[in-house]
Structure formats: structure tokens, C-alpha cells
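**Q** Each chain, written out:
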Amino acid sequence: MFFMKKAWWKILTVIILYYVIFQGLLGTVPRQPILNETIRNLYFHVAMWPTMITLLLVSMVFAIRYLRSSNTVDDDKSAAFAKAGILFGILGCLSGSLWANYTWGDFWPNDPKLNGAAVGMLIYFAYLLLRSSFEDEQRRARISAVYNIFAFFVFIPLIYVLPRLTDSLHPGNGGNATFSSLDIDNNLRMVFYPACIGWILLGTWITSIRYRLNVIKRVQEERVAELSVNHHGAARAVND
Amino acid sequence: MNIKFMKRLSFFILAFALISINLFAQSGVNSEVAMADQMRNDGKIWVVVGVIALIFAGIIVYLIRLDNKLTKVEKELNIK
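Chains as they are written, first to last, in the UniProt record's numbering: chain A, 1 to 240; chain B, 1 to 80.
A hint or two may mislead.
[Unchecked claim] Across the chosen pairs, the derived CB separations fall in these ranges:
id, chain 1, residue 1, chain 2, residue 2, range
1, B, Val61, A, Lys217, 19 to 29 Å
2, B, Val61, A, Leu130, 30 to 40 Å
3, A, Glu37, B, Ile59, 21 to 31 Å
4, B, Ile59, A, Asn71, 28 to 38 Å
5, A, Trp8, B, Ile59, 14 to 24 Å
6, B, Asn68, A, Glu222, 15 to 25 Å
7, B, Val61, A, Leu94, 51 to 61 Å
8, B, Val61, A, Lys6, 14 to 24 Å
[What the hints assert, rightly or not] Once the Cα atoms are required to be at most 20 Å apart in a straight line, the calculated SDA-like pairs of lysine to any residue come out as:
id, chain 1, residue 1, chain 2, residue 2
9, B, Lys75, A, Glu221
10, B, Lys80, A, Ile209
11, A, Lys6, B, Lys75
12, B, Lys80, A, Asn71
13, B, Lys72, A, Leu130
14, A, Lys83, B, Lys72
15, B, Lys72, A, Asn71
16, B, Lys72, A, Gln220
17, B, Lys80, B, Tyr62
18, A, Lys217, A, Gln138
19, A, Lys217, B, Gly50
20, A, Lys83, A, Leu130
21, B, Lys80, A, Ile216
22, B, Lys69, A, Ile216
23, B, Lys72, A, Gln138
[Said to hold, decoys possible] Derived, one-sided and incomplete: chain B residues facing chain A with beta-carbon distance under 7 Å:
id, residue
24, Ile52
25, Val73
26, Leu77
Simulated from the structure, these hints should not be mistaken for laboratory data.
From the three backbone atoms N, C-alpha and C, an ideal C-beta is built for every residue, glycine too.
All chains should be modelled from the sequences, with the hints used to inform the complete structure.
**A** Okay, structure coming up:
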């Protein structure tokens, strides 16, 4: 069905990511001062962000689907995708911080893109908090779905639009040279695009595991509920 | 099916390790900007590559095992 339990796309994930690791660490890259070999972080740090955005986008699509269908399956999928997206966001923040220390000279330079990403992550942490604070499943699903849509559309300007309006250290933002012909040549592209696809597939794999676990939990809860109902019914029958 | 899957996977991993040996052949040109050419010759950079590949393999094996366990429970509970 939606999460193909088949193995082929998981094999594809592993193949792509091994290609990214080997080619990413040993392939030719442009020689840039200051960046030096750290330009290879393009395949690992930078690729986290398209991955995160894709996972959060899919999460938002399932949130919209939930609001239209009121089917808890859609809510489960939405939550699983959001959680995987948040994981990649945290990894992106941490890896970016390490990279920044050795190229920009500070673990957290007050760059609008960094701060935007941090605020965005906080918004999504609030999403997790919101989810965990409802007892009623229907209410949780509906309010989380609405919040999810809101969060996604706040997040996009925070990390993609606002940094472009001011000065940022990130390429392609403010007065900085863009990530085009000079910064990202065809050698880089040959690894960067597969890297994005590979990490997205890995994120989807993690999402599918979380979702399937959730389905199992739900089925088991139903079984227990059925059992106790049957048990009560049987007890009543005996009493009668 | 799982053993077959693992076999196929380890074949691909091996194939990639072999292909990437080609990358040894790179030679450094115009060394005005400090790059890791030296490292790649004898600076033990392959150790780092190996360690990363190993860690990644570990994570993938963990994910596969988790996946298989879920499949088993799903079969027991008759989910799809």
C-alpha cells in the first residue's frame, strides 16, 4: 500500500547512500578557500534540509487529508512524517553548527538562517507537545492537523524567505553569492541530488517503521478492548 | 526472503567498495588551496571512510532487523 513493504526501495536507499558516502568523501570537489574540504558537507549537512522540508511537506499533506477524511490513519501518517522531519531538522542544526565553527568561526553566528531554523524547530517541538497533551484521539488529530498546516507555512518563510531579505552567511542569501555555477559545479550536483533522494528515502523508511509500530499498537489495543468486552458479556451471561 | 535480501544487500555494499577503489587514482593538481590530496595518498583518509561506512552499515542492519521484527508481529496480528 502506501508504505511499500517491499524491499526494493530500501535496497535503493542503501545503494544511493553508499554512493553518497564514498563519492562524497573521495570524489573531486571545487577548490575553495576557507571551505577547503568542508565543501563535502554539502552532501551531508545541506542535504538534511531538503529532506526535512520534504518530510514536513508530506506530513502537512496528510494533515490536510485528515481534515478532509477524518480517518485516523491519515493522522498517524502525518505524525510519523513530522517526527522524522524534526529528526532531520535537529541533525541539520547540529551538523551546521559544527561546520559553522570551522568556517565562520562560531558555533552559532547570529545568522538569520540559523535563527530562523531554530525558531522553526521550536514551532515543531510545540507540535509534539500539542500532540502529547490530548487524551481524546479525535481532538488531538484535528487540532494537530490544523497546527501542522500552520507550522509548515510559518516555517517556509522563516528558513527560505526571510534570510534572503537580509544579509546571511549562507550562499544564495542576502548579498552573498548564490549557490549556482561558482559554488555548485556539476561534480557536486552529481552527488548532491542523489544525496537528497537517498536521505529522503531513509527518512521515509524510518517514518514507515514508526507508522507500522503505531498500527500494531492500535490493533493490540482494540484486541484488548474486545477481549474485556467479551469477558464482561460472558460474566453477565453467567450471572443471568 | 530475509537471507536473500541480506545477501543482495551485502553484494551491493561490496560492489560499491570495489567501485570506489577507482577513486584512489585521483591525482592532485594546482595545490595553492590546501586540500586533502596528501591525506588521500597516505594520510589514512580511507580509515575514516571505512569507519563511516561501517557505522552506516550498522545503522542500516539495525533498521532492517527492526523492519523484520515489525513484519513478524504484523503477521501474528494479521495486519494486511
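**Q** Each hint should be assessed against the structure and marked as holding or not.
**A** How the hints compare with the structure:
Distance hint for Val61/B and Lys217/A: a CB-CB separation of about 25 Å, consistent with the stated range 19 to 29 Å. In this structure, Val61/B and Leu130/A meet the distance hint of 30 to 40 Å, their C-beta atoms being roughly 35 Å apart. Distance hint check: the CB atoms of Glu37/A and Ile59/B are about 24 Å apart, consistent with the given range 21 to 31 Å. Distance hint check: the CB atoms of Ile59/B and Asn71/A are about 32 Å apart, consistent with the given range 28 to 38 Å.
Range check, Trp8/A to Ile59/B: about 20 Å between beta-carbon atoms, so the 14 to 24 Å window is met. Range check, Asn68/B to Glu222/A: about 24 Å between beta-carbon atoms, so the 15 to 25 Å window is met. Between Val61/B and Leu94/A the beta carbon distance is about 24 Å. The supplied range of 51 to 61 Å is therefore violated. Taken as a hint, the range 14 to 24 Å holds for the pair Val61/B and Lys6/A, whose Cβ atoms sit roughly 19 Å apart.
Distance hint between Lys75/B and Glu221/A is fulfilled; the C-alpha atoms sit about 17 Å from each other, no more than 20 Å. For a cut-off of 20 Å, the pair hint linking Lys80/B to Ile209/A stands: about 15 Å separates their Cα positions. A threshold of 20 Å between alpha carbons decides the hint, and for Lys6/A with Lys75/B the separation of about 15 Å falls inside it, so the pair holds. Of the pairs offered as hints, the one joining Lys80/B and Asn71/A holds, with about 18 Å between alpha carbons and a cut-off of 20 Å not exceeded.
A C-alpha spacing of about 32 Å is found between Lys72/B and Leu130/A, which places the hinted pair above 20 Å, so the restraint is violated. A threshold of 20 Å between alpha carbons decides the hint, and for Lys83/A with Lys72/B the separation of about 24 Å lies outside it, so the pair is violated. For the suggested pair Lys72/B and Asn71/A, the alpha carbons sit about 26 Å apart, so the restraint of at most 20 Å is broken. A C-alpha spacing of about 14 Å is found between Lys72/B and Gln220/A, which places the hinted pair at or below 20 Å, so the restraint holds.
Pair hint Lys80/B plus Tyr62/B does not hold up; C-alpha atoms about 24 Å apart against a cutoff of 20 Å. Straight-line distance between C-alpha atoms of Lys217/A and Gln138/A comes to about 17 Å, which keeps the hinted pair within the 20 Å bound. Between Lys217/A and Gly50/B, the direct Cα distance comes to roughly 38 Å. Violation of the 20 Å bound is thereby established for this hinted pair. A hinted pair counts as satisfied when its Cα atoms are at most 20 Å apart, and Lys83/A with Leu130/A qualifies at roughly 13 Å.
Straight-line distance between C-alpha atoms of Lys80/B and Ile216/A comes to about 11 Å, which keeps the hinted pair within the 20 Å bound. For the hint pairing Lys69/B with Ile216/A, the CA-to-CA distance comes to about 12 Å; that is within 20 Å, so the pair holds. Between Lys72/B and Gln138/A the alpha-carbon distance is near 30 Å, which puts this suggested pair outside the 20 Å criterion. The criterion of a C-beta within 7 Å of any C-beta in chain A is met by Ile52/B, whose closest approach is roughly 6 Å, and the hint holds.
Below 7 Å, beta-carbon pairs count as interface contacts, and Val73/B has one with chain A at about 6 Å; its hint therefore holds. Among the interface hints, the one on Leu77/B holds; its C-beta lies about 5 Å from the nearest C-beta in chain A, closer than the 7 Å criterion.
Comparing the model with each numbered hint stated earlier shows that hints 7, 13, 14, 15, 17, 19, 23 do not hold.
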